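Trainee: Listed below, chain by chain, are the residues.
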Amino acid sequence: MANVTVREAVEREYRWGFVTPIEQETFPKGLSEEVVRLISARKNEPEFMLEWRLAAYRHWLTMQEPTWATVRHPPIDYQDISYFAAPRQKAAPKSLDEVDPELLATYEKLGIPLAEREALAGVAVDAVFDSVSVATTFKDKLASLGIIFCAFSEAVREHPDLVRQYLGSVVPYTDNFFATLNSAVFSDGSFVYVPKGVRCPMELSTYFRINARSTGQFERTLIIADEGAFVSYLEGCTAPMRDENQLHAAVVELVALKDATIKYATVQNWYPGDKEGRGGIYNFVTKRGECRGDNAHISWTQVETGSAITWKYPSCILRGDNAVGEFYSVALTNHHQQADTGTKMIHIGRNTRSTVVSKGISAGHGSNAYRGLVKVLASADNARNYTQCDSLLMGERCAAHTFPYIEVKNPTARVEHEATTGKIGEDQLFYLMSRGLSAEDAVNMIVSGFCREVFKELPMEFAVEAKKLLAVSLEGAVG
Amino acid sequence: MNDAVQFAHRYDAALAQALARPQPAWLRRQRGEAYARFQALGLPTTRQEDWRYTALTGLERTAFAPPERVPAAHLRHTAFDAVARRLVFVDGGFRPEASTFRDLPQGVTLLPLSEALLRRSAAGELLQDAPEADALGAFNRALWRDGLYLELAPGVELPEPLHLVCLGTPGHLAPLRHLLVLGRGSRATVIEHYLSEGDDAHFTPAASECRLEAGAGLVHVKVAEENEAAYHIGRTLVRQAAGSRYLSLSLAAGGLLTRTDLAVRLEGEAAACTLNGLTLGRGRRHADHHTYIDHRQPRCTSRQLYKGVLDERARAVFNGRVRVAPGAVGSDARQMNRNLLLSAAAEADSKPQLEIFADDVKCSHGAAVGGLDAEQLYYLRSRGLAEPTARALLLKAFAAEVYEALPAGALRDALEDWLAGRLPGVGRD
Chain A
1397 MANVTVREAV
1407 EREYRWGFVT
1417 PIEQETFPKG
1427 LSEEVVRLIS
1437 ARKNEPEFML
1447 EWRLAAYRHW
1457 LTMQEPTWAT
1467 VRHPPIDYQD
1477 ISYFAAPRQK
1487 AAPKSLDEVD
1497 PELLATYEKL
1507 GIPLAEREAL
1517 AGVAVDAVFD
1527 SVSVATTFKD
1537 KLASLGIIFC
1547 AFSEAVREHP
1557 DLVRQYLGSV
1567 VPYTDNFFAT
1577 LNSAVFSDGS
1587 FVYVPKGVRC
1597 PMELSTYFRI
1607 NARSTGQFER
1617 TLIIADEGAF
1627 VSYLEGCTAP
1637 MRDENQLHAA
1647 VVELVALKDA
1657 TIKYATVQNW
1667 YPGDKEGRGG
1677 IYNFVTKRGE
1687 CRGDNAHISW
1697 TQVETGSAIT
1707 WKYPSCILRG
1717 DNAVGEFYSV
1727 ALTNHHQQAD
1737 TGTKMIHIGR
1747 NTRSTVVSKG
1757 ISAGHGSNAY
1767 RGLVKVLASA
1777 DNARNYTQCD
1787 SLLMGERCAA
1797 HTFPYIEVKN
1807 PTARVEHEAT
1817 TGKIGEDQLF
1827 YLMSRGLSAE
1837 DAVNMIVSGF
1847 CREVFKELPM
1857 EFAVEAKKLL
1867 AVSLEGAVG
Chain B
9 MNDAVQFAHR
19 YDAALAQALA
29 RPQPAWLRRQ
39 RGEAYARFQA
49 LGLPTTRQED
59 WRYTALTGLE
69 RTAFAPPERV
79 PAAHLRHTAF
89 DAVARRLVFV
99 DGGFRPEAST
109 FRDLPQGVTL
119 LPLSEALLRR
129 SAAGELLQDA
139 PEADALGAFN
149 RALWRDGLYL
159 ELAPGVELPE
169 PLHLVCLGTP
179 GHLAPLRHLL
189 VLGRGSRATV
199 IEHYLSEGDD
209 AHFTPAASEC
219 RLEAGAGLVH
229 VKVAEENEAA
239 YHIGRTLVRQ
249 AAGSRYLSLS
259 LAAGGLLTRT
269 DLAVRLEGEA
279 AACTLNGLTL
289 GRGRRHADHH
299 TYIDHRQPRC
309 TSRQLYKGVL
319 DERARAVFNG
329 RVRVAPGAVG
339 SDARQMNRNL
349 LLSAAAEADS
359 KPQLEIFADD
369 VKCSHGAAVG
379 GLDAEQLYYL
389 RSRGLAEPTA
399 RALLLKAFAA
409 EVYEALPAGA
419 LRDALEDWLA
429 GRLPGVGRD
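Chains as they are written, first to last, in the numbering used here: chain A, 1397 to 1875; chain B, 9 to 437.
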């Protein structure tokens, strides 16, 4: 790594940009009630699901696209998007052998050896290729524990009662412009239910991948941890290179009941656009978890290095007493990337605690904003929050912003917020270089240390990937 | 008609009155345009980001009128009488007979603003150079009655602090506009002091503009302690040239609603500002401090410390924004907001913001909200202090940090005395 020249590293082409020519079934562009009905019919959904989608669609028609974020992009034409794309297959695959070899080859190129991973890594992968889950591993092992881990569309058919009970209970279909759009047209996603007292024995993982041209991705993920359950979920993404901007408006809902714990980790590496800021993914995501019972615990960890625009606020509603919410984030913007991200911690129950650690890194023309809310309601006796958000600036044309909101209505609460912004210290660089490190290695080491608090929250294999992703953009950003 | 529409026309008579007074033609035009702008924009609502935590519904429902004649001043003793000379305004009009500032040194121009506009062309030029106003800025620009005009020639130092006593009387509108122009290397200390006569509601929209030429220094104390029914909406714009120093101390200790907007533009290299504020909240008081520091040039420094002591149903809002413009390298900005909640019904809302467009900067902010530290109380009690005494000591120390930015001397002592009797939560069981 040390020998790669500065310029080369910064301007490295997106490694995972390629398009797999698989036959796809794609709806004509445009959004209407008809399209919503078609999506639902195509997926053999029960009546309640269609009703819910339609209610969302009708509500969406009354909404305005929000403009408050510190991001700029040309207007999105919602009628110029195709709302459904599924790899065409004869029948649902029963094993990997039946999966389209082209598709498997794509995963190989991405470094997700689906076939190997089952044995080697002990990770169950529910791979989402565009919109429909094509293969799910480790299902049997999980099933023996009563854990449901499947494609969302499958859950709608197989476990309608669970879906009906929890869908939209954290992010209602009226929530916001993009979540409402998602509710109307969501294609697929993952569903996890961990029953009472069960500790999920492996990290659950999904690789999302946008493949078809001009197909917005509207993933929907719902994770329920019943009383005393534990689950750790990993989400990671890469996307092929293309010129057109693509809208990605996902919704993730987490429900943690009494004594349950959900850990949700993301490494996001969607295509960020080229050096001039052309192309790239618009990643407008609604993620929210609710600690519904006492002692529940939700932890969000994210490493955001991709997308032309990232706009998301993984949040925690701390309803139960003694509930704990955590948010650990690294967001990196280089070239013309923009990120407006942060979290909301809503303290409702007594003795609720939350921790927010956000690290923003801006290089090139990148713009990085932390936007967060810590709200302590009058009912939240002894609530405690600690927030730290630090920004690192590299280059004189980048920008870093911090917009925290703190609202406290309980005198027994303690809320602390700290933020710093600065560039890498010349003295730190000098110290490391005087010990024989190259400038690039020194910068890498400092940034690695800057992000350490977040990386240590990631599962091992993700931590490794995250460091690599950062290094690609960071080397030579200072020189 | 709804309240908003009624409000838009409620001040038509006040505008007519403002236009009828002697003034330059451009000012009449400026007033008319500003009023039209205010009517077009309407009162801000909580849907607007800058007013998210502060609702003006009470102000919208109440009618205030400017009195035809400036009422006489019934002045009581104030905390600053011994340390400063004073200028008295009642309901926005100047009362010369109550004022004590005389024998000005050479190079000091001190006039009511209305008179300065007729006598000094520089004053008019500065007022015409004003940036576009938001709704309440336009409201003030349209209706202001009078205010201070202070001009210091280069190198001149104002010998004593200048104490502006601004009184509001029941049911009246007291719109004020102050203009302070400090020439190169000059020095001044100015106290803006807002008070009420009687206990009934009145409304004070006050705007101050300060220009600091290179190397000038201004200590600007603002004390808002109107009665429990009063509305105060104050805004200050400071423009600083290279090497100038500005110290602001804003004390919100009264009113039903006190909103203070303070914007500082660091327009010259190595300019420095310190903005400190304290909210003393009790009853239903709502105090909102908004600051905006714009680092436009390299090597400027800004420091902010805002604190709140909130009892009963009081609410404090702090919104502090720091912007570092592209190219403003070597900027050094620090900001801190701390609130003490003393009762279950009190609330603190804090929004510190950093917007950084340059890389070689040092910026930080912090915010903390909580109750009195039980361990600190325990420590003091274990040393033999009764609980009320221990509480009072902790609260006093908490508040003291805010005015310690002032140089030691008579003014700081006077402020300390002033504060001693006003801390909420002191003297309770």
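Among the hints, a few may not be true.
Listed next, with one range per pair, are the computed distances between beta-carbon atoms [stated by the list, open to error]:
id : chain 1 : residue 1 : chain 2 : residue 2 : range
1  : A       : K1852     : B       : E383      : 26 to 32 Å
2  : B       : A353      : A       : R1454     : 54 to 60 Å
3  : A       : E1429     : B       : A73       : 53 to 59 Å
4  : A       : R1454     : B       : E320      : 45 to 51 Å
5  : B       : A71       : A       : L1457     : 38 to 44 Å
6  : B       : E57       : A       : P1568     : 21 to 27 Å
7  : A       : W1464     : B       : T65       : 46 to 52 Å
8  : A       : P1568     : B       : G50       : 29 to 35 Å
9  : A       : S1565     : B       : E320      : 55 to 61 Å
10 : B       : E395      : A       : Y1827     : 32 to 38 Å
11 : B       : G50       : A       : E1429     : 33 to 39 Å
Keeping only pairs whose Cα atoms sit at most 30 Å apart, straight-line, the calculated DSS-like set for lysine-lysine is [what the hints assert, rightly or not]:
id : chain 1 : residue 1 : chain 2 : residue 2
12 : B       : K370      : A       : K1671
13 : A       : K1852     : A       : K1819
14 : A       : K1592     : A       : K1819
15 : A       : K1671     : A       : K1425
16 : B       : K370      : A       : K1852
17 : B       : K404      : A       : K1863
18 : A       : K1852     : A       : K1863
19 : A       : K1819     : B       : K370
20 : A       : K1537     : A       : K1852
21 : A       : K1740     : B       : K370
Hints in this document: simulated from the structure, not taken from any laboratory.
Given the structure is predicted, the values throughout are model-derived calculations rather than measurements.
Even for Gly, the Cβ is constructed at its ideal location relative to N, Cα and C.
Trainee: Does each hint fit the structure? Answer for all of them.
Mentor: We went through each hint and held it up to the structure:
1. A:K1852 with B:E383: 26 to 32 Å: holds (30 Å)
2. B:A353 with A:R1454: 54 to 60 Å: violated (41 Å)
3. A:E1429 with B:A73: 53 to 59 Å: holds (56 Å)
4. A:R1454 with B:E320: 45 to 51 Å: holds (46 Å)
5. B:A71 with A:L1457: 38 to 44 Å: holds (42 Å)
6. B:E57 with A:P1568: 21 to 27 Å: At roughly 24 Å between Cβ atoms, A:P1568 and B:E57 fall inside 21 to 27 Å, so the hint holds.
7. A:W1464 with B:T65: 46 to 52 Å: For B:T65 against A:W1464, whose Cβ atoms are near 23 Å apart, the range 46 to 52 Å is violated.
8. A:P1568 with B:G50: 29 to 35 Å: With Cβ atoms ~32 Å apart, the hint holds.
9. A:S1565 with B:E320: 55 to 61 Å: Given a distance of about 38 Å, which is not inside 55 to 61 Å, the answer is violated.
10. B:E395 with A:Y1827: 32 to 38 Å: violated (51 Å)
11. B:G50 with A:E1429: 33 to 39 Å: holds (38 Å)
12. B:K370 with A:K1671: holds (28 Å)
13. A:K1852 with A:K1819: OK: A:K1852 and A:K1819 at ~23 Å, within 30 Å.
14. A:K1592 with A:K1819: Roughly 48 Å between the alpha carbons, so the hint for A:K1592 and A:K1819 is violated.
15. A:K1671 with A:K1425: Status holds; Cα separation ~29 Å.
16. B:K370 with A:K1852: Distance of about 27 Å is within 30 Å: holds.
17. B:K404 with A:K1863: With a Cα-Cα distance of about 49 Å, the restraint between B:K404 and A:K1863 is violated, given a limit of 30 Å.
18. A:K1852 with A:K1863: Holds, because 11 Å separates the two Cα atoms, which is no more than 30 Å.
19. A:K1819 with B:K370: Holds, at roughly 8 Å.
20. A:K1537 with A:K1852: Holds, because 28 Å separates the two Cα atoms, which is no more than 30 Å.
21. A:K1740 with B:K370: holds (26 Å)
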